[in-house]
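Chemist: These protein sequences, in sequence, are chains A and B.
In terms of our numbering, the first sequence is residues 711 to 822.
In terms of our numbering, the second sequence is residues 5 to 120.
Keep in mind that a hint or two might mislead.
[Said to hold, decoys possible] Calculated from the model, a selection of chain B residues having no Cβ within reach of chain A, i.e. all distances over 12 Å:
#1 Q10
#2 T17
#3 Q21
#4 T24
#5 G32
#6 Q41
#7 M43
#8 S62
#9 G63
#10 E66
#11 S70
#12 K72
#13 P74
#14 S77
#15 S99
#16 H101
[Said to hold, decoys possible] Simulated restraints on C-beta separations:
#17 N712/A - V57/B: 31 to 41 Å
#18 N712/A - H101/B: 18 to 28 Å
#19 Q21/B - S763/A: 25 to 35 Å
#20 G805/A - V120/B: 35 to 45 Å
#21 S62/B - G805/A: 37 to 47 Å
#22 S100/B - L721/A: 41 to 51 Å
#23 A778/A - H14/B: 38 to 48 Å
#24 H14/B - S817/A: 20 to 30 Å
[Stated by the list, open to error] If you want the footprint, here are the derived chain A segments under chain B, 3+ residues with CB under 8 Å:
#25 755–763
#26 812–820
I should point out that these hints are in silico values taken from the structure, not numbers from a laboratory.
Just so it is clear, CB atoms sit at the ideal spot from N, CA and C, and this is done for glycine as well.
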Amino acid sequence: KNQVEQSPQSLIILEGKNCTLQCNYTVSPFSNLRWYKQDTGRGPVSLTIMTFSENTKSNGRYTATLDADTKQSSLHITASQLSDSASYICVVTPGGSYIPTFGRGTSLIVHP
Amino acid sequence: DAGVIQSPRHEVTEMGQEVTLRCKPISGHNSLFWYRQTMMRGLELLIYFNNNVPIDDSGMPEDRFSAKMPNASFSTLKIQPSEPRDSAVYFCASSSHSGTAYTEAFFGQGTRLTVV
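With the rest of the complex left out, here is chain B:
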């Protein structure tokens, strides 16, 4: 398996533009996480999906952020409109969840977003 695949690797956009980040989880994993990493705050969980259903989105900063998982092999994180403070590295991670047991979460290589 190629691991968790994120695209694009780098994104530079102007303030006010819409940004869409994409993630393909590891085949067979039923849990997907979107994280944001900044120097100031470290890694923060934004949203968690289980079996394609959003379970917890309490980490999503505000209504400008939205995430979807239309099927088991694809998820998107959208920011509209983007702001300079959204500049960060966004990671997608996937794992298997069975009952209360969680296997290791495997991270993608991240998307470095710069909003100017």
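Chain A extracted, bound-state conformation:
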């Protein structure tokens, strides 16, 4: 069964600090992995997408990594800001499919 597990479930950090969120998946065959940011009361917004051949992708202060061999991904946030407070969702799509598998998300709170 395709699964996406995220950790930690929740995280509280101080403004300006860095943090790393983890995503492990069992989806096979693999097509792509996305990280979404979901602000409270809003729909998810894509931060990065990586295919099998990519192992790093950056979007401003967000850097995603992918290890397709171990089926792990991480999202690193540098110099966190209050606006980074949100839920971060890892989504993996199988090859040749339109049906993604969603992780439960990591809830990040950035305190001043």
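Position chain B relative to chain A; hints supplied.
Modeler: Relative to the frame of chain A, chain B by itself:
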């Protein structure tokens, strides 16, 4: 483009009533998805349309749920009769599909449904 537009943003209804959620996808997108999000289960795909045709509705919980896409610019998700366990945030998303390649899915702001 204004993005994916969903209405209403909030809906409170009594158990047993019919509820209709509406979605206008991004112009030019040929794929539309309805999702449900709850604290317990996270995001779940309910149904997927491609070129206005339902391709996969295996995620629809039961016969009380139905979805239509009469044209490329409008879709509805209907629950009849509604039950308290249907309370959730319902998202509509659209994307472009060409062959086996899928572009990013853009989500609407969601409809928060509360069934009392």
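Chemist: State, for the Cβ atoms of G805/A and V120/B, whether the hinted interval 35 to 45 Å holds or is violated.
Modeler: holds, 43 Å
Chemist: Kindly confirm whether 18 to 28 Å is satisfied by the beta carbon distance between N712/A and H101/B.
Modeler: For N712/A and H101/B the Cβ distance comes to about 20 Å; the hint holds.
Chemist: Minimum C-beta separation from Q41/B to chain A exceeding 12 Å: can you confirm that?
Modeler: Since the minimum Cβ distance to chain A is about 9 Å, Q41/B lies within 12 Å and the statement is violated.
Chemist: Is T17/B truly not at the interface, in the sense that its beta carbon sits beyond 12 Å from all beta carbons of chain A?
Modeler: holds, 20 Å
Chemist: Is the Cβ of E66/B more than 12 Å away from each Cβ in chain A?
Modeler: Holds: least Cβ distance 19 Å, greater than 12 Å.
Chemist: Taking 12 Å as the cut and beta carbons as the points, is M43/B off the interface with chain A?
Modeler: Check fails; 9 Å does not lie beyond 12 Å.
Chemist: Against chain A, does Q21/B hold up as non-interface, every C-beta pair farther apart than 12 Å?
Modeler: With a cut-off of 12 Å, Q21/B remains clear of chain A, as the shortest Cβ separation is near 24 Å.
Chemist: Would S62/B pass as off the interface with chain A, using Cβ distances and a cut of 12 Å?
Modeler: violated, 9 Å
Chemist: S100/B and L721/A, beta-carbon distance inside 41 to 51 Å?
Modeler: With Cβ atoms ~34 Å apart, the hint is violated.
Chemist: Could you say whether the range 38 to 48 Å given as a hint is met by the Cβ separation of A778/A and H14/B?
Modeler: holds, 41 Å
Chemist: Does K72/B really sit off the interface, with its C-beta more than 12 Å from all C-beta atoms of chain A?
Modeler: Its Cβ never comes within 12 Å of chain A, the nearest being 19 Å, so this holds.
Chemist: Is it correct that the beta-carbon of S99/B has no partner in chain A closer than or equal to 12 Å?
Modeler: Given that some Cβ of chain A is not farther than 12 Å from that of S99/B, nearest at about 9 Å, it is violated.
Hint check: violations occur at hints 1, 6, 7, 8, 9, 15, 16, 17, 19, 21 and 22; the rest are consistent with the structure.
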